[in-house]
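Since the structure of chain A is already known, use the hints to place chain B on it.
Letter by letter, the chains look like this.
2 protein chains.
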Amino acid sequence: MQEFIFHNPTKIIFGEGTVSQLGEQAGAYGKKALLVYGMGSVKKNGVYDQAVASLTEAGVEIVEFGGVKSNPLMSYARKGVELAKAEHVDMVVAVGGGSVIDTSKSICAGAVTDTDILEFFVFTSNVETALPLLTVVTIPAAGSEMNGGMVLTRDDTLDKLGTCNYPPLYPKVSILDPTVTYTIPQSYTAFSAADSMSHLLEGYFTQTDEWSPIQDRFVEGLCKSIMEAADKAVADPKDFQGRATLMWGATMAFNDLAWMGIGPFGFPNHMLEHPLSAIYDIAHGAGLSIMMLAWMKYASEKGNARIAKFARNVLDIQADDDLAAAGEGIEKFRAWLEKVGSYTCFKDAGIPESGIDRITERTVFLANLWGAEDYNAENISEIYRMCGPFAEE
Amino acid sequence: MQEFIFHNPTKIIFGEGTVSQLGEQAGAYGKKALLVYGMGSVKKNGVYDQAVASLTEAGVEIVEFGGVKSNPLMSYARKGVELAKAEHVDMVVAVGGGSVIDTSKSICAGAVTDTDILEFFVFTSNVETALPLLTVVTIPAAGSEMNGGMVLTRDDTLDKLGTCNYPPLYPKVSILDPTVTYTIPQSYTAFSAADSMSHLLEGYFTQTDEWSPIQDRFVEGLCKSIMEAADKAVADPKDFQGRATLMWGATMAFNDLAWMGIGPFGFPNHMLEHPLSAIYDIAHGAGLSIMMLAWMKYASEKGNARIAKFARNVLDIQADDDLAAAGEGIEKFRAWLEKVGSYTCFKDAGIPESGIDRITERTVFLANLWGAEDYNAENISEIYRMCGPFAEE
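Residue numbers (this note's numbering), protein chains in the order written: chain A, 323 to 715; chain B, 323 to 715.
Worth flagging that the hints you see were computed from the coordinates, not collected in a lab. Hints may contain errors.
It does not matter which identical chain is used: a pair holds within one copy or between any two.
To be verified - Below, a list of computed lysine-lysine pairs in the DSS-like style, where the Cα atoms sit at most 30 Å apart:
#	residue 1	residue 2
1	Lys365	Lys669
2	Lys661	Lys366
3	Lys560	Lys631
4	Lys353	Lys494
5	Lys654	Lys624
6	Lys333	Lys669
7	Lys631	Lys661
8	Lys354	Lys366
9	Lys407	Lys494
10	Lys401	Lys560
11	Lys366	Lys391
12	Lys407	Lys365
13	Lys391	Lys401
14	Lys546	Lys333
Okay, chain A solo, but in the shape it has when bound (with noise of 0.2 Å):
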């Protein structure tokens, strides 16, 4: 273990019906809040409904600002900073997913200054204040409802960026209710549970430190219960128990828990993915399951010893030898992957080989902004090679 300062100050309630404890949480911080949400699947599952409920019982006054997209562009958060500049509202609830989340994160971070919000992406101003944040979960796989980080797409070059924790953006309140989950199609609970694991696994796999007993288990148990309670929403999208372990596990992934005290690591499969969703704008859980099996590939044939232990500690993979143990894990997971719906290959997410050119170029950018000094065109694009079949040109 090594040096670490945790701080995660977010309120979780959590459990059926909680939904309708938006309006009291949300009174603590004010009258007026901006409503955060995404493309109008709220509004058909009833939680819109539930969380205007209960912020008008409260008295909060609303203003809302619907349409957020999946992979949402930073034009449209600017948008949300100039309504809730206007508006002068004292907080912003979200309700939606990632998404939602992220643009509304960046609406608080944009709203108390005049910074241009993206400067926070590009690390040339800190978010030093921020509006509070509360949320209502619907899609359980980015985690950003328990920790202080946000991730939105530059329209200009259709760069995904992400930011660092920001200590103001970790929301106030999240309320997480698993019945609002029952109505996410296969496809995305199997992208959400990828998505998860892949928070998890960035750490576990790229972590420097000599012995970190507890982050080990604790990554290799949420990842074994994250793909035990996926196959259960898959056989019953209503299976409270597999809804509600999905929903606790996607936040403890990304709790900031899993990576105190492993040392410096990195973000290799979220770098090598944005671009994916980004350009060909597919969900990030689909491009993060597809990426990790390729990269696990490269990184245990590079000498990576973690993508064996990973293979035998969560997929009992019995075999001695490393890489063997890392190739049989890779196909087990390819394999679970393929079972619950998810992508496996570049065919899968409608990517042709030759759009490898410029998906390596964007993450060379990515690379540089991020620091990862071991990755550069050559590798990313051998990386992404990997990733076939490929779909047709």
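Frame of chain A; chain B shown alone:
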């Protein structure tokens, strides 16, 4: 999984040399601190000097309140309350283990009210507000550095009373430097490991949820890690990795995460232990070490299948039959506790069989106070009689 609320705002600063950050952190909460510590070990190992130097350098005035003994008494905490009131301190800084931190929590609660602190322990008053608390942990066991509970012993009856989590009592900042634990003797290292494990296992053994894989694996992984780390620290008291893992393990064991969503559960081992340490003034962890072995036997014979689960998943027992697996697990756990130097029977703790009547009487009182309806004088004394061999009369 079942519904829960999780809200743990304590900031953890972890690593070698972090005590030097105390003053800067304390400075955010005021200019005058009550510095609470124990019987002098912090003066011998240099932590006191580090804490005082850091506070002084940051311009924080210190009011001293040392002399807190282990199994701390409410009467002594009341003296701290009076001193905090008389000196109008802005905060309390605890430098020590659970006894010091819990005494400090009661001072934080008592200093801002005319209510006697006993009321917070017998649930006739709530802690609605409190002075801010910062801690520097010197014994990783109690976990009090990252929760809102406290335990003190009532002088007149020697009842060792514990509270629920009071939100105002979560420390603002807790500083964990594993190197300050290098001087903890083997016995207390072992007692502390048992203490941490008991915090994890109370919920694990008595939970009522039908399916909670995240929580089960969280507990199992931490127990395995704590056992491995204790082995390392016993083999070499200055093994940084062993000490670091014991320290973070103790905090993670009792920061509420272990039982989020597991449904109603009990604290039978703590209930059975409290009278032991209160009356015989043994280390709480030593008493828990004894009680866990006896209670696990009692519970498994009553049909509690979770003991077998622990035996299989933490202690690698293979037996198919639950009672057999539990029995083998208990004996393996006993052997490990003996090996690292903890207590496993009343003889180790100097408790004669004739003491059981008095202990039972006080435990019945606790069972009533805590609503532990499954326990009565008959089965409580039955469990104590399983704690032999006994000390000579």
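**Study point:** List of violated hint numbers, smallest to largest
**Key:** 1, 6, 10
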